[in-house]
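Those protein sequences? They're chains V and U, same order as listed.
Residue 177 in the working numbering sits at position 177 of the first sequence, and the numbers go up by one each step.
Residue 1176 in the working numbering sits at position 176 of the second sequence, and the numbers go up by one each step.
Source of the hints: derived by calculation from the structure; they are not laboratory data.
Accuracy of the hints is not assured; some may be wrong.
Which residues of chain V face chain U? A partial, calculated answer using Cβ under 8 Å [to be verified]:
#1 Glu4
#2 Leu12
#3 Ile165
#4 Gly177
Treat the numbers as computed from the prediction; the structure is a model and nothing was measured.
All C-beta atoms in this analysis are idealised placements derived from N, C-alpha and C, irrespective of residue type, glycine included.
Protein chains: 2
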Amino acid sequence: MLQEETLSSEILYDGLIIRVRMDTVKTRSGRTTKREIVEHPGAAAVVALNDRNEVLLVRQYRKATEQTTIEIPAGKLDPGESPEICIRRELGEETGYAVSTLDKLAYFYLTPGISDEKTHLFLATLGERNPSLQIPDEIGDHFFVPLAEALEMVDEGQIPDAKTIAGLLMAQRRLRGRP
Amino acid sequence: MLQEETLSSEILYDGLIIRVRMDTVKTRSGRTTKREIVEHPGAAAVVALNDRNEVLLVRQYRKATEQTTIEIPAGKLDPGESPEICIRRELGEETGYAVSTLDKLAYFYLTPGISDEKTHLFLATLGERNPSLQIPDEIGDHFFVPLAEALEMVDEGQIPDAKTIAGLLMAQRRLRGRP
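The shape of chain V in the complex, shown without the other chains (with noise of 0.2 Å):
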């Protein structure tokens, strides 16, 4: 028996994005013990090629890590919205790109130790580019480098976003038909 029986349940921290709570648990050795546990909506995010095989990439400042990083989009899912949905409208904008096609690549935790945050990876080929959409400069800078290049910058340690890591990795497999 893996699972664990919830004795009871406890919100302790209800904030902007995320919602804490105790849970106390029978563990399958049947003790009793404490499990914190972080909400979170979930995510989507998009390893998205344009018709040169280049991959979009996003450069933002992020506050949590006080440090610039390069990520693949992702955004987080609205109350009731598929990661489909949330996937194209990020892209729509956040960059001003339309989805030409779009396939789901994997779905995944990101530390499912104590978070049940659930990102939903897609592969997706952009379409045309709303040329009079005004990107607000708070949201990162955008820009295309060829997939080789983006897995060159894997290997070399400048990609430090596990979401990004994975999903550069996997979508190479995908594209050349998992070697």
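Starting from the structure of chain V, add chain U where the hints point.
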């Protein structure tokens, strides 16, 4: 100017593993906004191979996600502990294996939009196992699979954990010289 100036900072939750603080910041466009930030001590994770090129995985129930996951071994850093010491300790305590060689593969953030949680990823070869170690049954079940099979599990969506996907795919690239 990509950085955000912190105008004020308040701890809103101080828990077992995490703290949550709310920073009031001035964005690069001069706007004042809130940043909800989850502070985490950081972690180390390892792609650990035996002498048959099999990788050590752990199957465990995760209360946060309410499911049984398959992950590479990982653990939180103790206060002041180096990632190298952490991963040797975790492997020793949870599997009984000594580490023969240990190389850094990468570090990455899991959710840089909201948390400072940083994971240090290693590639290890395993040495002898302590035959007298009793593994507590809450640790999860450790098992070896050929690395190629673990990669197939990633492709087939059987490993819904970002650090494990990133770790296995980065290890493969490192081992075969970045194809």
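Verification of the supplied hints:
no. : hint   : in the structure
1   : Glu4   : 5 Å, holds
2   : Leu12  : 6 Å, holds
3   : Ile165 : 4 Å, holds
4   : Gly177 : 10 Å, violated
Going down the numbered hints, you'll see the structure goes against just number 4.
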